[in-house]
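Enquirer: As you go down the protein sequences, you meet chains A and B in turn. So the first sequence is numbered by this note's numbering: it starts at 1 and just counts up by one. So the second sequence is numbered by this note's numbering: it starts at 1 and just counts up by one.
These aren't lab readings, by the way, just hints derived from the structure by calculation. Using N, Cα and C, we set each Cβ at its ideal position, and we do this for glycine too. One should not assume that every hint holds.
As the list claims (entries may be wrong) - Which bits of chain A does chain B cover? Going by a derived footprint, with three or more residues having C-beta under 8 Å, they are:
(1) 112-124
(2) 322-331
(3) 370-384
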Amino acid sequence: MAVARVEELRFTYPDAPAAALDGVSLVLEPGEVVAVLGASGSGKSTLLRALGGLVPHFHGGRFAGRVVVGGLDTREAPPAVLAALVATVFQDPEDQIVLERVRNEVAFGLENLAVPAPEIWPRAEAALDALGIGELGGRAIATLSGGELQRVCLASALAVAPQLLLLDEPSSELDDDGADRLLGEVAALARDRGTSVVISEHRVGRALRHADRVLFLEAGRILCDAPHDEAVGWLAAQRPGWVEPPGPRPARAFAGVPVATLDGVGFAYGAPVLEDVSLSLHRGEVVGLLGANGAGKSTLARIAAGLLPPQAGRVDRSGRACYLAQDPGRHLVAETVLEEVALAAPLAAAREALAAVGLDGHADRHPRDLSSGERERVGLAAVLAPAPDLLVLDEPTRGVDPPRKRELARLLRAQARERATLLVTHDHDLATAVCDRLVRLEGGRIAAVAAAAPVSRLHR
Amino acid sequence: MSALPALLLLLAVATVALATDSVVALAAITGILTVLVARLPGRRIYLWSAGFGGLTIFLFSPLVAHYGADVLWRGPHLPTPFGWLDVTTEEIQTAAVLALRLTALALAFGIFALGIDHDRLVQGLRFARRSMLALAIALRLLPTLQRDAAGLTEALRGRGVEVAGVRGHARLLAPLVAGSLERSLSLAEAMEARGFGRGRRTQAPRPAWGGRDWGAVALALLLVGVGVLWR
Chain A
1 MAVARVEELR
11 FTYPDAPAAA
21 LDGVSLVLEP
31 GEVVAVLGAS
41 GSGKSTLLRA
51 LGGLVPHFHG
61 GRFAGRVVVG
71 GLDTREAPPA
81 VLAALVATVF
91 QDPEDQIVLE
101 RVRNEVAFGL
111 ENLAVPAPEI
121 WPRAEAALDA
131 LGIGELGGRA
141 IATLSGGELQ
151 RVCLASALAV
161 APQLLLLDEP
171 SSELDDDGAD
181 RLLGEVAALA
191 RDRGTSVVIS
201 EHRVGRALRH
211 ADRVLFLEAG
221 RILCDAPHDE
231 AVGWLAAQRP
241 GWVEPPGPRP
251 ARAFAGVPVA
261 TLDGVGFAYG
271 APVLEDVSLS
281 LHRGEVVGLL
291 GANGAGKSTL
301 ARIAAGLLPP
311 QAGRVDRSGR
321 ACYLAQDPGR
331 HLVAETVLEE
341 VALAAPLAAA
351 REALAAVGLD
361 GHADRHPRDL
371 SSGERERVGL
381 AAVLAPAPDL
391 LVLDEPTRGV
401 DPPRKRELAR
411 LLRAQARERA
421 TLLVTHDHDL
431 ATAVCDRLVR
441 LEGGRIAAVA
451 AAAPVSRLHR
Chain B
1 MSALPALLLL
11 LAVATVALAT
21 DSVVALAAIT
31 GILTVLVARL
41 PGRRIYLWSA
51 GFGGLTIFLF
61 SPLVAHYGAD
71 VLWRGPHLPT
81 PFGWLDVTTE
91 EIQTAAVLAL
101 RLTALALAFG
111 IFALGIDHDR
121 LVQGLRFARR
131 SMLALAIALR
141 LLPTLQRDAA
151 GLTEALRGRG
161 VEVAGVRGHA
171 RLLAPLVAGS
181 LERSLSLAEA
191 MEARGFGRGR
201 RTQAPRPAWG
211 GRDWGAVALA
221 LLLVGVGVLW
231 R
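For reference, chain B alone in the conformation it holds in the complex (with noise of 0.2 Å):
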């Protein structure tokens, strides 16, 4: 499938979860992204930080709420911002919603770093494109930015020591955004040098649209209908 299509479609399967407020179709949006991010290389990150987020939205928002009639459990009085501590089925539901919700995004946003060909996207696009070629940019260098914190941690423990503990982990915060800086400028010389910027450029030829492409804007468009209608 062409990269534009699939981006359509991602768009619309992420609109839908913004929309509606059903259980049963969020889990389903994220069984099914689930399965398809858990198909693609490099998807550990993205399965972690959508199931964490999604889980500390599920444990945490009902404690913090205060609504609902049908109290499950009442706890302490904490200062601000807690108040009681109580939780209720209302306040449960909820935070399924927005924790779904909340994985869901994330999780179609793992299958936009993955599993979509930024290239071809860059060039597909009539608008926006130094945005999309700076995100395309970033998305390339996340492995980069990943060894570099490897490499940090390497060296440290070659010296004797250990990257440990949060402290330990922020130590590498500073050095690791200096040297991104360092590669952006590199790269921005780089790009300049290679006629980035010259003004009228041209694309090399990409295949066309097939059925599958067309089928993918269907798709998407019946989506959002369907999901803005029944929500």
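The following block holds chain A by itself, in its conformation from the complex (with noise of 0.2 Å):
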């Protein structure tokens, strides 16, 4: 019997001018793991958001269609009820977490459901240890990483037994290996306990690797469903940007004139997180700056910019330095989106850096009625219309689309010659179409430097 099944859903979030889903009919199986992929505003949250009951009952709008998810239909029964049947693991972990420590986190959602009290403490040592963290039952949330604590929401989400698992983006925090590991253990446990598993996903590589079926949505149609190798052919045939990377940058001998040079840069918070770092910097190139999460990478591109002093060795820097942080759409403080951009640049200069990244018609707009990849292509243009000497990007493409992401590697390309460049980043992808020269972190230390080509050699 089927888990769940959307038949003809049309929905239109308030005040939208178009419908964010449009006919869609699904049927999801027992144990099936099911990729959803598709651009920025393609319908996908929205779709995880109507299997869970929250549109309609808690975002509004018009909904026609119909949605049964365990044999009720989610017009009847709010998210509330849904939740015996249905979890969700939000893309941010800051925004889902209600409780204080590990364990009581976990257990909240056992409790909501009236699971017997002698039942709830087992149920989540049992989730927590699923996924390897059981020793972080007795720890306090405030003192967990970004990573400890999507395992942290998974591990509430398996907890209460879903028949039906939707994660959203739900590896974020976490660099490749990480993500792979993480979205593989769930793909395997939810098969061995016939859980159906929808994940929405940017990193499309990664959510083919654990799918058995594919679904593609533009303007909230389904335009692909199918097993994964059809779907894997489909694309290829329909959509080959989401299934080939960039294409790599032919790497080239490099001799422009330095405008920052890290020499012998260590750092610690506590514990060393950078040692003896030397490197440069030349105008005209791009440099990946590549590693696991911990591997000191942030800490170097903040220094890098003169966000951060070195506490050992020393940085010489000329010119002007802009850093665009993880997140840009969460800090953006003007009231429109040209000021946004303008508050460090001339107004032609506004204007330009608006017009380079798609957003030229949005520039009266408030910052905060944009979507979210919106947002974050306008901390983008904040840090290029400076027209920095320096330009550090810190993971620009997360949560980012692929066609999304081909323009940014355009973009990075095309203005390459104007200054150096840093980019911080997990993804290999772009790093090789971007970067003329990429850079290993490892323990705090650069563990390996290479052309942009090889850059399998750099990661394996």
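Got two chains here, separate frames each, mind docking them using the hints?
Expert: Take a look at the structure:
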């Protein structure tokens, strides 16, 4: 019997000009792992919310068609009732954690569902153990890393033993290896338990590795709903940008003027984070900074941009440096998009930067009225507009779909000549497409430096 | 110690601080609370705000008060509400009481925020659980708010815009509030998706109260009694 059935679903958010989902129909079977692909705004998250009943109960809007989960019609059963059947893990763990201690957090859903008291702790412990984080049970949430938080959220979802598990970018805080491992574990657990899993992921390769079936959404419609191999064929033929990397940039010898030179740099937050790191960044080159979570990449990026003074060694920098932090959409302060981008640049340069990121029609809108992807591009425009001599970008493609990633790659390559660029990323495809030189950090030290082409040698 | 007895003890100390006018008693309470807060992680903001608030009251309240016969200093006459800027012994005594009381209450809140297990408190309460949960979530999100503020500052510095002075920091207020509202909506959505508000719920078994817990309740009652009787 199907876990969920969606029939001719059409949904429009309040005040939205167009439908977010338009005639969507699908059936989810037990134990099936389904990857939902599509560009930002294609309706992926809305589909997940419809399956969990949050659309329309939490968001309002116009809802037509039918969604039935575990025999319950979501128009009649509110999300709190569906919670016994459906568990959702949202993208940002900070936005979904309720309590202060890990074990209590995992037990929260079980308590809400009135699970008999003697079963609560064993089920919470089992869920933590299943994801290999049993030792975190007694820890305070505030002491966990982003990756650990995402695992706690997943454990909270698995603890309720749902029939349907909805994962909206569940591994955005993890490096490639960690994310791959996590999705593999979740997929295996789901198949063992007969749970149907729906994963919305922007990192296509990772989603495809673990999915039995693929849905491709565009403008609220399902263009492809097929088993894994068939869907890969469809993508290659119909949307090649989703399965092919942006294409390697030919490596070239570089002899430009150094814009920033880091010499024997060290830094510690209690424990050492960086030790004896030396690196030169030349005008005209794009340097990719790679490494696992906790390798020291963001700290090195901040030091290179002058936001953090090194505790050892020295940094020589000439000209202006700009730094784009992770999740820039959260860090917008002005009342209009144009004001935001013009905070540190002349208006003409701000307009030019907005055009470069494809937002020239949004200059007078409030930044918080934009979608999350558009906000991220406002953040990018704001660091391009001042025409920096050194541009430091920290994970600029987190949560970015492949077409936007290609646009970013094109933009960085087109403007590479004007400045030195340091690109911190987990994204091998982007690094290969954009960078002239790749630097891999391991345990706070430079473990390898190479031209962009032999990227696989750096990563495996 | 369990969360509820710890809260009762803290409330008793706060009640005594509100009830007594003894500078010695208030100084003793403030001293003990300072030592306790200083041992907790994340203490800095609570120590600073308690100290700053108390010092401000102590310095300014004698200047706006007008009573007492033992004048220690007489200054110029200023427009309302200041009037004559004079300082008397009585005003200083009252300022000390008010300052110590405010500091003690702020420190007690610091212990509540940093030192009490709010999860267990929410579990242990038989009434006002939703209000307590809302307060616990607000306290859990305080470090997130601090991180958001640091993120905003870093984002601006990353573009070469320094955040300095009152105006510079005031610019962060609106985006911080907007960001908090967005977070609260997302959290409400996530809670609903996890069955919150479904109706009947159960509680994971918690450890029974031990001797320390009952001792804390007895001490709390004793403190309130002594504080009210000897005020």
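Enquirer: So, for every hint listed, does it hold in this structure?
Expert: Hint by hint, here is what the structure shows:
no., hint, verdict
1, 112-124, "holds (count 10)"
2, 322-331, "holds (count 8)"
3, 370-384, "holds (count 3)"
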